[in-house]
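Protein chains in written order, with the numbering used here: chain A, 3 to 163; chain B, 3 to 163.
Hints are computed from structural coordinates only; laboratory data are not their basis.
Just so we're clear, the structure is a prediction, and the values are computed from it rather than from any experiment.
Take the hints with a grain of salt, since some may be wrong.
No copy is singled out in the list; a pair is fine if it fits within one copy or between any two copies.
What the hints assert, rightly or not - Straight-line alpha carbon distances no greater than 30 Å define the calculated BS3-like cross-link-like pairs of lysine-lysine that follow: (1) Lys64 with Lys75; (2) Lys155 with Lys64; (3) Lys75 with Lys22; (4) Lys122 with Lys155; (5) Lys84 with Lys58; (6) Lys103 with Lys58; (7) Lys22 with Lys122; (8) Lys22 with Lys162; (9) Lys155 with Lys114; (10) Lys64 with Lys122; (11) Lys22 with Lys71; (12) Lys22 with Lys64; (13) Lys75 with Lys122; (14) Lys114 with Lys162; (15) Lys71 with Lys58; (16) Lys114 with Lys64.
Number of protein chains: 2
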Amino acid sequence: MADDVLFEFLHMEMVSHIYKDQASRGEMDKDRATCVSTLEGMGFRVGQGLIERFTKDSPSFKDDLDVMKFICKDFWINVFRKQIDNLRTNHQGTYVLQDNKFALLTQFSNGKQYLEEAPKYLAYSCGLVRGALSNLGMDCVVTAEVSLMPSCKFQVVIQKI
Amino acid sequence: MADDVLFEFLHMEMVSHIYKDQASRGEMDKDRATCVSTLEGMGFRVGQGLIERFTKDSPSFKDDLDVMKFICKDFWINVFRKQIDNLRTNHQGTYVLQDNKFALLTQFSNGKQYLEEAPKYLAYSCGLVRGALSNLGMDCVVTAEVSLMPSCKFQVVIQKI
Numbered sequence: 003m004a005d006d007v008l009f010e011f012l013h014m015e016m017v018s019h020i021y022k023d024q025a026s027r028g029e030m031d032k033d034r035a036t037c038v039s040t041l042e043g044m045g046f047r048v049g050q051g052l053i054e055r056f057t058k059d060s061p062s063f064k065d066d067l068d069v070m071k072f073i074c075k076d077f078w079i080n081v082f083r084k085q086i087d088n089l090r091t092n093h094q095g096t097y098v099l100q101d102n103k104f105a106l107l108t109q110f111s112n113g114k115q116y117l118e119e120a121p122k123y124l125a126y127s128c129g130l131v132r133g134a135l136s137n138l139g140m141d142c143v144v145t146a147e148v149s150l151m152p153s154c155k156f157q158v159v160i161q162k163i
Numbered sequence: 003m004a005d006d007v008l009f010e011f012l013h014m015e016m017v018s019h020i021y022k023d024q025a026s027r028g029e030m031d032k033d034r035a036t037c038v039s040t041l042e043g044m045g046f047r048v049g050q051g052l053i054e055r056f057t058k059d060s061p062s063f064k065d066d067l068d069v070m071k072f073i074c075k076d077f078w079i080n081v082f083r084k085q086i087d088n089l090r091t092n093h094q095g096t097y098v099l100q101d102n103k104f105a106l107l108t109q110f111s112n113g114k115q116y117l118e119e120a121p122k123y124l125a126y127s128c129g130l131v132r133g134a135l136s137n138l139g140m141d142c143v144v145t146a147e148v149s150l151m152p153s154c155k156f157q158v159v160i161q162k163i
């Protein structure tokens, strides 16, 4: 109980700090994009660190789908205390991970009034996923969308080189 | 295992972000003091939130020493995975909490070469303690010192009004 709260509170505080900090510099236009990118970058580095620990004793993965299943199950449980509820793929490098009760959104009302605030609480987690996948050799673009809180969809698009 | 790593990594990333950010503004002189105070403030608010959760089902405390014992045991275990190793007081409002293996310092070498880096990794935790105590009605000044990593001493001085 305690630790997810610890992580959630620290995350909230960090988001709030980064947005306030940006606002205090008076760069209103660049605001949102810069904050999202800062948070995403922090998540990316943490994701890289975490996946190294989590996969230390894991056998190697046989393909991309296998990696994604690991992210949906082991990684998600370790970070967010539950599995991804639904994983879908077009078998061409796009994956959609749906979490019906995303840990970092559960403190919000599930009404619509905070819906526009949601993206800033997802940037860090997008980075976490991108960092984890990057360390497993998969370059991806990770985005998230919320239509009804606290449910959330992460879209992972693998970048073919 | 996973969660303390999650918290530790996020904490590291946050410290690094706040120091880099400050440096990029070219305000070298104010640097250290501002960063420490930013981190301390974030810790303070998280500490306030955490203590509310942790004491939800606790009986009320009978005196300051009783509160400090709660911080050393329950609070510390929940946040840092172990108890404080030694609590000392002068019975006049000053308490010294010694942690012989402080979680946020264990990733450093225990040699002397990183000793001067240590304070920036303690500011957030000082804030955590101050925030927790503040919500329990005790206004304090909390400082920390390291003489041999990863051991660490927190000094709490209650402010008499």
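Each hint tested on the structure:
1. Lys64 with Lys75: within (16 Å within a copy, 45 Å between copies)
2. Lys155 with Lys64: Within. Shortest intra-copy distance 25 Å satisfies the 30 Å Cα cut-off; inter-copy 48 Å does not.
3. Lys75 with Lys22: neither (34 Å within a copy, 34 Å between copies)
4. Lys122 with Lys155: Only inside one copy: Lys122 and Lys155 sit 14 Å apart there, 36 Å across copies, limit 30 Å.
5. Lys84 with Lys58: both (21 Å within a copy, 24 Å between copies)
6. Lys103 with Lys58: Both ways: Lys103 and Lys58 sit 28 Å apart in one copy and 24 Å across, limit 30 Å.
7. Lys22 with Lys122: Both: 12 Å inside a copy, 21 Å across copies.
8. Lys22 with Lys162: For Lys22 and Lys162, the Cα distance exceeds 30 Å both inside one copy (37 Å) and across copies (33 Å).
9. Lys155 with Lys114: within (17 Å within a copy, 47 Å between copies)
10. Lys64 with Lys122: Neither: 34 Å inside a copy, 42 Å across copies.
11. Lys22 with Lys71: Neither: 37 Å inside a copy, 35 Å across copies.
12. Lys22 with Lys64: neither (44 Å within a copy, 39 Å between copies)
13. Lys75 with Lys122: within (24 Å within a copy, 35 Å between copies)
14. Lys114 with Lys162: neither (37 Å within a copy, 46 Å between copies)
15. Lys71 with Lys58: The answer is within: 17 Å in one copy meets 30 Å, while 37 Å across copies does not.
16. Lys114 with Lys64: neither (41 Å within a copy, 44 Å between copies)
Comparing the model with each earlier hint shows violations of hints 3, 8, 10, 11, 12, 14, 16; every other hint is respected.
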